[in-house]
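So the protein sequences, as listed, match chains E and Z. Numbering-wise (numbering that gives the first Met the number 0), the first sequence opens with residue 0 and increments by one. Numbering-wise (numbering that gives the first Met the number 0), the second sequence opens with residue 0 and increments by one.
It is possible that some hints are incorrect.
Restricting the straight-line Cα-Cα distance to at most 20 Å, the calculated cross-link-like pairs of lysine to aspartate or glutamate (EDC-like) are [stated by the list, open to error]:
| # | chain 1 | residue 1 | chain 2 | residue 2 |
| --- | --- | --- | --- | --- |
| 1 | E | K90 | Z | D75 |
| 2 | Z | K41 | Z | E57 |
| 3 | E | K20 | E | E35 |
| 4 | Z | K19 | Z | D99 |
| 5 | E | K24 | E | E132 |
| 6 | E | K103 | Z | D122 |
| 7 | E | K126 | E | D113 |
| 8 | E | K103 | E | E37 |
| 9 | E | K103 | E | E35 |
| 10 | E | K126 | E | E92 |
| 11 | E | K90 | Z | D131 |
| 12 | E | K90 | E | D23 |
| 13 | E | K58 | Z | D75 |
| 14 | Z | K19 | E | D48 |
| 15 | E | K90 | E | E116 |
| 16 | E | K24 | E | E116 |
| 17 | E | K103 | E | E132 |
| 18 | Z | K104 | Z | E57 |
| 19 | E | K90 | E | D113 |
| 20 | E | K20 | E | E132 |
| 21 | E | K58 | Z | E79 |
| 22 | E | K126 | E | D23 |
| 23 | Z | K19 | E | D53 |
| 24 | Z | K104 | E | E92 |
| 25 | E | K20 | E | D48 |
| 26 | Z | K19 | Z | E126 |
| 27 | E | K58 | E | E37 |
| 28 | Z | K104 | E | D53 |
| 29 | E | K90 | Z | E126 |
| 30 | E | K58 | Z | E80 |
Some chain Z residues judged to face chain E by a derived CB distance under 10 Å, without partners named [as the list claims (entries may be wrong)]:
| # | residue |
| --- | --- |
| 31 | T11 |
| 32 | S14 |
| 33 | Q23 |
| 34 | L55 |
| 35 | L76 |
| 36 | E79 |
| 37 | C134 |
Quick caveat, the hints were computed from the structure, so don't treat them as lab data. Where a beta carbon is used, it is the ideal one built from N, C-alpha and C, also for glycine.
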Amino acid sequence: MQRLSKFIGNQERVEVLTERKRADKVGIGEEFAEFEFEVGPALNRQYVDALQADPNRYKEIVHPGLLLFYSNITRSPSHYLPSGTATVHAKEETNFHNPAYVGKTFRVYWKVIDIYEKRGNLFQVKKALILDEDGQVILERTINDTHLSGRR
Amino acid sequence: MELMGIDTAEGTVFSGYARKLTEQNVYDFSGGPRTDPEWPHKTIHTSTEFAQNCGLRERMASGAMFEAYLVDLLIDLFGEEWLHYGSIRLTFIFPAGPGDMLTPKAAVQSMQQMDFGVRFVMDVWCENQRGDRTC
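One chain only, chain E, in its complex shape (with noise of 0.2 Å):
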């Protein structure tokens, strides 16, 4: 938790959800669950196919864009939206650290910096952060969602 503390900083609030809570109700200072994932050869085989990538060049590095889609919000095992309400990705900033190793297992962790409105939407501010097992940062993530309803 310090090394999380290190990147996302605001210390005033910090209250890490046990339970699945609605994640557009989940407030400034409030972390999700985190997630830990093990990515083995084929998980990464099927990220290095979906992008069309190089597999020589990721027979050893995780593709970053597996790393991407498991540090989504959606990931997170206290992720909840109600049927008909999905989150959707607006905008983010990605620092890389290190890259990830296969065979690895990874933790990921996410806490909600700022809450803010624009054009009569509610946009959500996330840091999420990857470690590996042995503690190393992997990327670090800034990500704005907004939540959309088929039922306004």
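Since the structure of chain E is provided, determine the placement of chain Z on it from the hints.
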């Protein structure tokens, strides 16, 4: 593709290879692991019905796919070292779905000599077969 060097001129535009988005690509990227019995999971990316229930006209590929295409291009240009220090900032502006052809592009905006080497600032984007920028 050759790696970037200090002799690369500002304004130079680099183009990655075009990728045709297919159903399979979208399922593989956004549907969860293929080994999952419920694969592909229903999301706004994989299911038209799910997307329409959420108020969208149709399903759309994840913006993270566009970002991944760009990361591939940046590794082409800067080498795998880019994964130690690279940074990318994107706004998702136009959706894409199966049947669309997407090409990642990067243009040298500026370069600056730093203590640790040369810092390049690039304008990066993906464009579809009509020339619209998706991000």
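So, going through the hints one by one against the coordinates:
no.	hint	verdict
1	E/K90 / Z/D75	violated (24 Å)
2	Z/K41 / Z/E57	holds (13 Å)
3	E/K20 / E/E35	holds (19 Å)
4	Z/K19 / Z/D99	holds (6 Å)
5	E/K24 / E/E132	violated (31 Å)
6	E/K103 / Z/D122	violated (33 Å)
7	E/K126 / E/D113	holds (9 Å)
8	E/K103 / E/E37	holds (6 Å)
9	E/K103 / E/E35	holds (11 Å)
10	E/K126 / E/E92	holds (10 Å)
11	E/K90 / Z/D131	holds (17 Å)
12	E/K90 / E/D23	holds (17 Å)
13	E/K58 / Z/D75	holds (16 Å)
14	Z/K19 / E/D48	holds (12 Å)
15	E/K90 / E/E116	holds (14 Å)
16	E/K24 / E/E116	holds (14 Å)
17	E/K103 / E/E132	holds (7 Å)
18	Z/K104 / Z/E57	violated (26 Å)
19	E/K90 / E/D113	holds (14 Å)
20	E/K20 / E/E132	violated (27 Å)
21	E/K58 / Z/E79	holds (13 Å)
22	E/K126 / E/D23	holds (15 Å)
23	Z/K19 / E/D53	holds (15 Å)
24	Z/K104 / E/E92	holds (17 Å)
25	E/K20 / E/D48	violated (34 Å)
26	Z/K19 / Z/E126	holds (12 Å)
27	E/K58 / E/E37	holds (15 Å)
28	Z/K104 / E/D53	holds (17 Å)
29	E/K90 / Z/E126	holds (16 Å)
30	E/K58 / Z/E80	holds (16 Å)
31	T11	violated (23 Å)
32	S14	violated (15 Å)
33	Q23	holds (8 Å)
34	L55	holds (7 Å)
35	L76	violated (13 Å)
36	E79	holds (7 Å)
37	C134	holds (9 Å)
The structure shown violates the earlier hints numbered 1, 5, 6, 18, 20, 25, 31, 32, 35.
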